[in-house]
Each structure stands twice: as structure tokens, then as C-alpha cells.
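Enquirer: The primary structure of each chain is shown beneath.
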Amino acid sequence: MSNLVVTNLHKRFGGLHVLKGVSFTIDGPELIGLIGPNGAGKTTLTNILDGAIKPNSGTVYLNGERIDQLQPYDVAAAGLGRTFQVTRSFRRMTVLENLYVPALAMGREANRNEVHDKAMSVLEFLTMDHLRNEFAQALSGGQQKLLELGRLLMLDPDVIILDEPFAGVHPKLMEIIYHYIRRVNDEGKAIVIISHQMDSIFSLSRRLLVLNYGDLIADGPPEEVKRDAAVIEAYLGAEEGAEQATGA
Amino acid sequence: MRQQVPNILGLVAIAFFVAFPFVYSGADYDYIMHICIIAFFYAILASSWSMLAGYAGQFSFGHMGFMGIGAYTTALFCHYFYLSPEPTNLCTEYQFGSTWLVVVNPIGVTSTTLTQDCLRQAMATWGGSVQVTPMPVWLGIALGTVMGGVFGLLVGLLVLRLRAAYLALFTLGFAEILKATISAEIEITRGQAGMETPALFENGITLFGHAFSKTDKLPPYFVMFGLMLACLAILAWLAHSKFGLFVRALREDQDAAAALGVNTTRYKVLVFVVTTMMAALAGAVQGHYVGIVTPNNLFLLQMSLVVAMAVIGGVENFVAAAIGAIIIQFMLEMLRNSFEIGGLVIDMTIWRLVFFGILLMVTLRFSRNGLIAPMIDYFARGHVAKETVEKRLRGDEEAEAAE
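These protein sequence lines map, in sequence, to chains A and B. Position 203 of the first sequence, counted from 1, bears residue number 203 in our numbering, the numbering being contiguous throughout. Position 144 of the second sequence, counted from 1, bears residue number 144 in our numbering, the numbering being contiguous throughout.
The shape of chain B in the complex, shown without the other chains (with noise of 0.2 Å):
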């Protein structure tokens, strides 16, 4: 019964985040909403990045990166094509039967003030006559993942030879190249402007008979907690499979896991693709959630917010990393409010996050499994000593007992 006490509480907990939605009513919904969106999306970030370096032992610093290359290659693709039954003939196009796929031409961030681009040259001379239509975002969403598992399998044929932080520095030399490409192409990219993004539901969606807008935040709240679940599922499947047997034998000595006769080259490239997919996926659909990708949110700080998130919740345990992500994200947001003592002012939005650098090191001080972890390891392998001792004693007993 104690070991299934992390399963039940894990229902109930998910049992409380899909019902919450619908039971708070409080003024600042809204708000709310958003926080619990980007605590799952920290969540999938935090519990795939435990799975890479907590799991196989990776320390990869360029998770964000690949987070950043879901991102851009919706924003890139919903930004590019489009869907016309005319030829624009302005600009680059392909017909398929009678539609034409329309790739727009890159002109940097004049394009809504200076110049227009080729197609909204074309739509102004069709003056309503023809109508566009956009990339699906799903389709864009679904080309970032793949897009984030081509990279991650790039790079982890790359650092099949680097370890420890050999492999950090590596990693986070591509994240910082890449953040340098993105900001340095302005023509395509826009560079620190940014990429507008249609949003998850453009044209609104309605669920159980109730029309939701595309601003409303219960269509993306269940859409990121979905697909933190279902990152949730495929991480335990692998933990639980020989992936995850292997990837930790990986991590604890890569040249025993070989001569035993795992594949290290194989494993060591999966886990990457399977992570970075996982980063990929959870950054596309942020990006559409927000409406904007820049690279300024991308990187390096955003990845220390990730790896201070899963250490604190115990980066040997997916499940703590999540549970992690959400905690330091609900308490760096209620952590804003300034408050008054002696007639001093602390402005919280600065010393939250010396709070919760406190935090850091306090927990790499004294519980290097993170908070959570050793609380579910508690339940799942308190009983292990204690039947140990009782086989030893037995074996004994039986020993004595045959001589």
C-alpha cells in the first residue's frame, strides 16, 4: 500500500488540475490559467531535460535551443506559407492540382510599416477577391518536433565522444550559436523583433457546447497539460523499458554498458532525439500560445530556470522534475508581491530570485536528489532496507538450521 501512495497522490493531482478550471472563479482566472500553462510547459521542459542528463546522465546545456527550434520552425512555417487557389505571381510558388503553396519573401521587420511582402502585395491588387489560406498550426507544431529530433540526433551523433562538461560546453556553445544566428538573420527572422504566431485556436474553438475564443485560456491550459501528461506517459513507458535501463547504465559507466553489450552509440542518440522532440514540441506549441517568439526568451537563463527547476525537484526522477517545474513556477510568480518592513520597501520582483537562488543551493547542499525525489523515494523504496535485513536474517536461520 505505501508504495502506491506516489500513484494516488499523482491521480489526485491530476484530478485537480482538470477540474480546477472549472472550480475557480476567482478575479484574476486569467492569470492563473497562464501561470498553470507555463508551469506545465517548464514541466515538460524540466522532466524531458531529467530524462537527458538525471536519467542518461547528459548534461546538455542546449535543451532551450532545441525548445527554440520547435518554436521557430512553426513560427518560420506559418510566418512563409500559405495556401492560395491564384497564382500571386509576385511571389515563389508551387502549384498542387488547383492550389497554389505560397512562400513568401523574407523582408526583415519592415514589413508592416515600410514594405509589404509579396503576398499582401497580391492580396491589396485582389482587393478581397481571393482568399489565402494560413498553415495549420498543428502542421507547423508537428514540423518544429521533427525539426527538434533532427537536430537533437545531429547533435547527439556530435558529442557521441564528449562527456561530463565536455558535453555541457558543447551543448551550450549550439544553443548560443544558434540564439546568434537567429538574432543575426534579421531578414528572415526578424532577429530581436521577434515572430508573430497565430495563436493554438485562431479562429476560436468551441468544447462541450461553450465557443472559446482564441484569447481564452482553457483551450491551451488543457492542450499543455495534455501534452505534459502524455510526455509524462512516454517517459515513464521509457523509464520503465530497457531504454531506460540502458540510458541509466549509460550514465553510470558508459565503458562497463558497452562491454556488457549495450549499444552506447545507439542509446546515447536516442535519448537525445527522444528529449530534444520532447523540448521541440513544448516550444512550438508555447510559441503559439503566446503569439511571439524571440530569441531573447530562448536560451541561457531560461535553460538555468530549467535545470534549477529539475534539481530542485530531483533530477534523477522525471516525475519530481515536473512536479519541480510547477512548484519554483507557482512560487517565483506569488513570490511578486513587494511588501513593507519597517518602513522599508523589498521589491520582490528582484529578490524573488535571490530566494530562489537561496533555494538552489540550499537543496545542492543538503538534498542533491532534489525535494521531491527523496519523498517519493521514501514511499516506492522505504520498505527496501527492512526486507533486506529480513532475507539476511532468514538465509541465516535457514544456514544454522541445515548444519
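Next up, chain A with everything else stripped away, as it sits in the complex (with noise of 0.2 Å):
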């Protein structure tokens, strides 16, 4: 059962105070959308998370583990894994190289035999299997956005942290992204969801985090969050905000 506990995180560059002690909770098998203008930290939180960067002050443990000052190599062994907001696949590897990292770095599988049967069974559901052998750099947008989904899958983490996952992705791949995520937070997995892309978090998400100017503005039900009179004003600005908010 995957625990990540946030607690009163800041992180500072220079003058520009990006994250004004955030804190939250993730209980097991949680789908939650984390959303935001931009400025608002997200990416930020998300390198905290990932151990890229160092916050000034807070802590992050996740399974009890204290997780912010390992390095990202260390947090994903923990437990907790991403995708980046513009797709970083390795390029000049083939698809299934892509996917043999992630398993041989975290050594679980007994052999190469039992990594490779994993990875093909990961190209099938990512309907990819026909492009095992092509360099991830000959695969289109999409594709590598599955590319960087199926590397989750082999990494096997407990808490997943998906940056835009639906950016410039045809729809017939976002059915197969919709398919994805769902599917792996059946299977137990807590999922974070950063996206602008209000529709798909909306219908995808249990539970709404969202954050302004470094702040944690709002945390609850999806409805309750599209309601609440901060986030409208975050969105809208305060003029159409007040009057979004009085129905007027």
C-alpha cells in the first residue's frame, strides 16, 4: 500500500519563492489530478518528489521512507516514478532497450529472459509490440508518450507521477493512455495526474490538488474543487472569478 506524505515543502530560486509550504497525503491507491497555472510549482513539486531537486525545508516520505534528500535513482528504488512533461525517451535505443532499463536497473526479474517477456507484454498492452526494434527516435509524439508509460510499467513503482501525459496526443492513443492509467491504479498504484487538460482530469480523477503561486489552494472531490471560490479566481482572475462564484 503506497503512503506518500508531503509536509510543509518550500523551495526557493533566489528571490522567487516557487513552493510556500505544501503538504499532502497520498493513502494507497489514489488517482488524483494536480493542477495549476502555470508558474504555479507543479513541475517544481514534481522534481522535489523525484529527488532532481533539493527542497530549502519540509520533508516527503513515502512507505516511511524519507525520500527528499535521495537522489532520483534512490527514489525511484523506493518507489515512486515519472514521466517528464516533454517526453525524454533515449532516442538512439531501440523501444525494447527503452524498456529493459528501468527492470535491470531495479534487478527484480531473475534474468534477461524474464525482463524481455515483460517488456513484450508491456509493448502488447501499450499496442507497440510491432515497434520493439525501432529506435524510440523514429516513433511519433504519441508513441513516445506510450514509450515513456510502458518504462513505468517496467520500473514498477508505488506512486506514479504522470506531466502531461495528454499533450499533443491523438485521441485514439489518449483512449489507450485513459486505458493505461486506469489499469495500473486498479492494479494498486497511486497516480498523479499534472495536465491542463481540464476534461481528462476531471473525468479521471478522484481527488483534485491544486496549486497558485506556490500555495496548495485547494485538496478534495473534483466537484467540490471546480466549486471552490480560490481555484475559479486562480483560473478566471478575480473579477470573473466573483462573478463565476455569485452565478451572476
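Hints in this document: simulated from the structure, not taken from any laboratory. No residue lacks a Cβ here, since even glycine has one placed at the ideal position from N, Cα and C.
Stretches of chain A that chain B covers, calculated by requiring three or more beta carbons in the stretch to come under 8 Å of a beta carbon on chain B:
{"hint": "1", "stretch": "88-95"}
{"hint": "2", "stretch": "104-110"}
{"hint": "3", "stretch": "128-134"}
The calculated lysine-lysine pairs, modelled on DSSO-like cross-linking and capped at a C-alpha distance of 30 Å, are:
{"hint": "4", "chain 1": "A", "residue 1": "K172", "chain 2": "B", "residue 2": "K391"}
{"hint": "5", "chain 1": "B", "residue 1": "K242", "chain 2": "B", "residue 2": "K391"}
{"hint": "6", "chain 1": "A", "residue 1": "K172", "chain 2": "A", "residue 2": "K226"}
{"hint": "7", "chain 1": "A", "residue 1": "K20", "chain 2": "A", "residue 2": "K226"}
{"hint": "8", "chain 1": "A", "residue 1": "K54", "chain 2": "A", "residue 2": "K20"}
{"hint": "9", "chain 1": "A", "residue 1": "K118", "chain 2": "B", "residue 2": "K242"}
{"hint": "10", "chain 1": "B", "residue 1": "K386", "chain 2": "A", "residue 2": "K172"}
{"hint": "11", "chain 1": "B", "residue 1": "K242", "chain 2": "A", "residue 2": "K54"}
{"hint": "12", "chain 1": "A", "residue 1": "K118", "chain 2": "A", "residue 2": "K172"}
{"hint": "13", "chain 1": "A", "residue 1": "K118", "chain 2": "B", "residue 2": "K386"}
{"hint": "14", "chain 1": "A", "residue 1": "K118", "chain 2": "B", "residue 2": "K391"}
{"hint": "15", "chain 1": "B", "residue 1": "K386", "chain 2": "B", "residue 2": "K242"}
Fit chain to chain and form the complex, with the hints in mind.
Expert: Here it is as C-alpha cells:
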């Protein structure tokens, strides 16, 4: 059972206070949407959770282990995986090799044959098995998104952060990503989706976190968050937000 | 079958180079053998650099510096350390049982003219009654290799946070500092005068019932050829292991590799250690083969040559880089012959480098993965696109049938 506890995270870049005491907890296989306007601090929060950058203060615990001072590869081993806003596949490596990397790094499979079999089943699920020997650079943008998701299946973490998984993706591939998210979530993994595509976020998530200029301004079920005055103001501006909140 | 073509050609090439010294009988035998030995030397450097830069994406320009560390370690070791059954009472010396480890005092470039070092003074006093034993060359080579790895480890740790141009500049700076230090420490390293080294087989060697003197080319030919094959075998094993997979992931995207659990720190340092050990090994053996090491033949220009060899062969394939090095070395030698066009003498000793430069520029412009690597890829991966399309069509047909 995944358990992520984020407590009072602060991050400053020079004079810019990007995260101002963010706290939240993920208990079990939750499906969470993380939204906020550009510059809200979503990517910074992700980078801290992933170990790529260190917070100025605050703590992150994953399954009882403190991870906020660990290197990204130790965070991955602890059970947190992520994708990137801009796809970062290993372009001059084949699709299969892309999938081998996380599995071999974790070393959970007994031998290479097991790794290969697992990779093939992942590719079949992602409907990409015919591309297995192609270099990743030969894939379309959407297929590269799928490949990133496939790598996470090979990593097999407890908590998954998907950064803009739907951006620039063909509707047909989007269906596969929806299916992926639901299946992985049903398997007991917690998923955090960062996206600007509100339709997707609202249809998938059971809980929403809203960041605005480094503050966590809302945390609750999507329907509730949708009506939150602070959220409306953050997205639409003070004047229009007030009008919408009063039903004008 | 088509995928096996590179392997078959590789075996043919190995058989050719094994047989060559026995079947070639030209008047320029020693010269051709020398070119082969130097070509194998560059092949080790180019292929190991290919693993570092082409596979792992660590564009180090200090590779010749590590080669120099190997060469100078064994040169210093063989120059300053001796075993003697008697104490000299002049040198720094340590007793081990009935043997004395003698450390000769450094006296710079005047050792053979104005002053004698402590050991030579003692030997003059003994008048030939005491036999002093020099250190084994192979121990010096082993020490040189280890020292290359130690410096590779240190530099690897120092450049952990550096990427691309910053890494290249750092390693270039490291090599230049090394060169400057060796040049400046005349007392110990004899500076630009260089250090003489004993031959690989100082007392000759008998092979297949035939006695070879220390100047014969065949023994060093097979030593360097064997080392090249050993290095290529190690690189092949590494490239096909998870090490190879991880360092390529490191090259592609260090942050993404780390996010997927690859210990980027460990593999970045490891690839430095492995490849710098190979460079140091090649340098140490070459130092003993040539008989002298100097700071001049170590660094920037030589580094450019190794980079060019790897790039022309194909930097992302260590076999292609090695083949490139061998071809370029032969080409540079063959282009030495000057010729005359309409009374105009073309001095190829100068122009050959221009041709070489043009070849490099053309390769970079039109075939960025070199000239040899695409040929290997053609055989090894030529079937992939066809297979992909076939699988896709088969998948579509199955989907239609299911509907």
C-alpha cells in the first residue's frame, strides 16, 4: 500500500518563492489530479518528489522512508516513478532497450529472459509490439508518450507522477493512455496526473490538488474543487471569478 | 545470415592480421609492421574513447592524458626502481629478505653527461661484481594501467556534474596540466628530453622455436594486436551487458535515466575508469615499444587524431572506431609519398593532413555516424524496418479478422 506524506515543502530559486509550505498525503491507490496555472509550482513539486532538486525545507516520506534528500535513482528504487512534461525517451535506443533500462536497474527479474518477456507484454498492452526493434526517435510524439508509460510499468513503482500525459496526443492514443491509467490504478498504484486538459483531469481523477503561485489552495473531490472560489479566481482572475462564484 | 556478415568479416580480418606477419615478405617489412603496431595502438585508444564519448556521451578530451599517465608511470617505475643483492649505501633503499629495493635519485637530463645517479655511482664502485636487476616491464605496464584507472576515478568523480562542453573543457584542462607538469618537472621526468624506457622484451624472446631480438617487430606486433582484441572483447561484453545499456541511457538523457533507477553516478565513474585504464594500458605498452616517452607526443594534437579516427569510423560503435583508426593510420602513412603534377611538386608530408582534415569535415557533414558504423548497421539493422511494417500489417489483418 503506497503512502506518500509531503509536509511543509518550501523551495526558493533566488528571490522567487516557488513552493510555500505545500503539504498533502496520498494514502493507497488514489487517482489524483494536480492542476494549477503556469508557474504555479507543479513541475518544481514533481522534481522535488522525484529527487531531481532538493527542497529548502520540509519533508517527503514514501512508505515510511524519507526520500527528499535522496538521489533520483534511489527515489525510483524507493517506489516513485515519473514521466516528463516534454517526452524524454532514449531516442537512439530501441523501444525494447528503453524498456529494459528500468527493469535491469531495479534488478527484480531473475534474468534477461524474464525482463524481455515482461517488456513484450508491456508493448502488447500499449499496442506497440510491432515497433519493438525501432529506435525511439522513429516513433511519433504520442508513441513516445506511450513508451514513457511503458518504462514506468517496467519500473513498477508504488506512486506514479504523469506530467502532461495527454499533451499533443492523438485521440486514439489518448484512449490507450486512459486505459493505462485506470488499469495501473486498479492494480493498486497511486497516480498523480498533472495536466492542463481539464476534461481529462476531471473525468479521471477522484481527488484534485490545486497549486497557485506555490500555495496549495485546494485539495478535495473534483466537483467540490470546481466550485472553490479560490480556484475559480486563480484560473479566471478575481473579477470573473467573483462573478462566476455568485452565479452572475 | 545477413546479420552475421559483420561477424564473419571480423573473423576474416582477425585471421588476416594473424597471418600477415608470416606471409608478408616485402623489403619494407619492419616499416609495415611498425605501422600495424601503431594502428593497433590507436585502435585501442579510438575504441575506448568511443565507449566513453559515443556510448556514454562523456566527451572527454583528456584521453591522451590518461594514455600519458600509463606511459609515464611505467617509464618512471622502470627508471627509478631496481632490485639489488647488495645495498648501494648511496640511494634510498629498502631491504626485503636478501634483496634491496633501490630507489634511484632524480638528477634530470644530466644523468648521462655531467653527473651519475646514485645507482650508477654504486655500480661503478662495484666494478661489475654486483648484478642489479631492473623492474619487470610487465609490472610497470600493470602499474601504469592501474594508475590510469585511479586518475580516471578521480576525474570521473570531479566531472559528475559537468556535461557537454564543460566536461570537454575540464578534461582538456586536465590533460594540459598534466603535460605542463611533466614538462616542468625536469628533475624527475627529464621534461622535453623524454624518458627512455626498456623494450617490451629487453632480453629478446623465443617464440615457436625462433629467437627474436628486442628490436624485432613480430613480438610487439602480437602484443599490441592481442591487447587490441582483448580491449575490443571487453568493450563488446560491456556493450551487451546492462553496463552498456545504462551508459547509453546516460548519453541519451541523464535525468531520465536516473528517474528510471539507473545509478548515474556509479556508471559515469565506471565508464571513466574502464576506458581510462584501456588508454593507460595502450600508452604503457606503446611507451615500451617506442623506447621513449615525451610530453609532446601525448596530448592535444594526438587527442584530435584519436577523435578524428573515432568520428570517421563511427563514434557510436567501438568496432567501427577501431577500424577507422587502423584505416586512417594506414592512409596517413600511404599518403606520405609526394608526387608531381606538371612540374609542380606536391609535398604530401604536409598535404596529407589537409586531405585528412577534408575527409573529417566531409564525414561530419554527410555521415555523422562515421563511414564504417553505417555499413555495420546496414547488415545488423537493415531488416528492422521491413519487419516492423510486416508486423504492423499482420496486426491490422488480425484486428480486421477479429471484427
